[in-house]
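S.K.: Read off the chains here:
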Amino acid sequence: MLTLDLLINGLIIGVFYALMAIGLSLIFGILKVVNFAHGEFYMVGAYAYTLSALALGISPWVSLPFALLVGLLLGLVVERLLMRPLYSGYTSWGVMRDEYAVIVTFALSIFLINIVDKVVGPYAYKGPALIGISRITIGPLAISGHRLIAAMVAVTVIIVVAFIIRYSFWGRQIQAVSQNRLGASLAGIDTAKASAIVFSLAGGLAAVSGALLANIFNPTPDVGVFPAIKSYVIVVLGGMGSVPGSIIASLILGVFESFGGVYISYQYRDTFGLFILILFLLFRPQGLFGEKAREV
Amino acid sequence: MKTGGHPSNRRLRIEFLVSLAILLAVAVLPAIVKNAYWQGVIVVSMYFAMLAIAWNILAGYTGQFSLAPATFGMIGAYSTGLLAYYYNTGFAIGISAAIIVSGLIGLVLGRIVLRLRGPYLALTTLSFAEIMRLVISNSIDFTRGDLGLNVPGIFQDRLPYYYMMVLVLLIVQVGLFYLLRSRAGLYLRAIRDDEIAAASRGVRIVYWKTFAFTLSAAICGLAGALYGHFAQFVSPELGLLQQTGVVISMVVIGGLGTMVGPLIGALLVYVASEFLRDVGNYQLVVFALLVIIFARFFRAGLWGILLALFGIRAPRPVAVAPAAE
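Keeping their order, the protein sequence lines are chains A and B.
FYI, the numbering for the first sequence is 1 to 296, going by this note's numbering.
FYI, the numbering for the second sequence is 1001 to 1325, going by this note's numbering.
Note that these hints are calculated values from the structure, not bench results.
Not one of these hints is a red herring.
Here's a subset of chain A near chain B, in silico, CB distances under 10 Å, partners left out: (1) 34; (2) 110; (3) 229; (4) 274.
Glycine included, every Cβ here is placed at the ideal spot set by N, Cα and C.
Here chain A stands alone, though its shape is the one from the complex:
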C-alpha cells in the first residue's frame, strides 16, 4: 500500500504547509509584499511550544495556545514597527516600496535566526508529542499518533480561520482591503487595523504550524527556512492572495513532494517546489486559482 501511504503522508504534510501559506497569502493580499521572515514566525512558534512545555513542565495542550499567542503578538509588533510605513503616506516611497519590504523582512529573518541562536543555542530540542500513542492503525495504514492528532488540530484551525475570513466582520474588512485599499478606506474601513489583524493572524498561524511540527522537525534556529520556502512556492502556485488557492496548493505540493521523493529523486526533492515556483511566476503568475492582476 505504498501509494496510499505516500498519499496520506503527503496530504498531512500539506495541511501543515497550508497553515503557513494562508498567512503569507493574506499578507500578500493586503500589503502586496512577501514576508521573508515568515519562516521565523514558524521557528518562534516551535520554540515557544517546546521550551514552555519542557521548562515549565506544562501539558503540550497548554503550550500550543501559548505558541499561538506568542505568534500573534510577534506578528502584531512586526507590523506596527516595520510594515506601517508601507501604507502610511507611502506616496513618497515610489520605486523603493517593494525593495523596502524585501530588505526589512529579509533582515528581520536573519535577526531572529541569530538572536535565537545566541539566546537559546544552536542545539535541537525535541518538541513533546500531543498524544502518547506512538502508532495508530487504520485499516492498512499505520500512522504516528502525534502526526494524526497534529494534522487534525491543523485542519480545525484552518477551517476556523477560513470561516473567520469569509464571514466575520473583521474578515470581511480584510477581504475589502485586499481587493482595494483606497476603496475600503473610503468606505470607512480602518485599513491600518486590517493590516495589523492580518499580520498578527499570519504570525499566529505560522507559530501554530511550528508548534505542531516541533515533535517531527525539532526546533533549531534555522528550522523555519525550509517551511518558508515551501510556503513561497505554495502562494505562487495557489495564486498570491487567494486563501482557498493556497490551501489546495499546499495539499498538491505535499502530495507531489511525497511521490516525487520516491519516484523521481530523493536527493533533489527540495528543489522540485522551487522549479515549480519559477515556472509558475514565468508562465502563470496568477497561479492555479488566482485571477490576473488588474491594473488601472
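Put chain B on the given structure of chain A with help from the hints.
M.R.: For chain B alone, coordinates are given in the frame of chain A:
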C-alpha cells in the same frame, strides 16, 4: 553626448573620487596593519565589496532586486575550483572561466526574469539561489558536496592577494564610473526610475536589463573565483542566503544606488564584524538590526548621512506615482 554638466554626473564624479580615495587608503593600510590575520580580514571584506558593488549595479542602478549575489559568487568559486580539481588548470584560465560561466548563467537568468518586479523577482532569484546551492551540495560525486573543494592558491603570501583585490576593485570602480556616466548609465537609471517611461523614450529595456544582470553576475563570479583562490577552499556555504543577506546589509548601510555606499558598507561592516566576533559572534544580530534601522529611518545610508553633514543633498530615490492598486 556630453553630459559632464548634468547634476547627477557631478554627484557621480564626487562619489568616484571619494571611492578612489578609499581604495588608496586601503592600499596603504598594510603599512600600519602588519598582522597577517587582519590583512586577511580586509581581503575578505574586499571580496564582499565586489559582491556589494555588483549587487548595487542591479538593485541600486537598474532597480532589479535580486537575491542571488552570493550564489553567483559561489558559481564563480566553483567554476575555477572544479577546473583546477579535474583538469589542473591554472588560475588565469580558472578565473576567466569563472567570469564567463557566471556571466552566462546571469545572462540566462536575467533574460528569464525580465518581466518580473519587486516581490516576484525576489522570489524567483531566491529560488534560483536555493536550487543552485542544493544542486552543488547534493551532487556529491561531482562537487564533493558539503565537504567542499580544495583550490590551489596563487601566491605564497597574504600581501600579493591583498594588492590583487585592491587592483581588481579599482578596475571595477573605474569601469563602473565610465559606464554610469555614459549613455548606458542614464539608460539603466531611467529603467530603474520608470520602466514604461524609459521604454516610451526608446530605451531598449530588454537589452539593458539583461546587460545589467549579466554584468552583475560576472563581477560576482570574478569575486567568488578570487576568494576561492585566496581561501584555497570553496563550499556550498558561499551561496547561503545569509551571505546574500550580508551583501544586502552592506549596501543598505553604506547607501543604495551610490558608488561609495557598497564600498564603505562592505569594508566597515565586515571589519566591524570581526571585532564583534571577538565579543561573541553577535555580528549578524547587529547587522540585521542596523539594516532594519537604516532601511526604516536612514534610507540614504552612511554615504547619504555623510553628504548631509557637508550640506550636500543626499541622492534620493526618485519618487514616482505609486502603482495603482
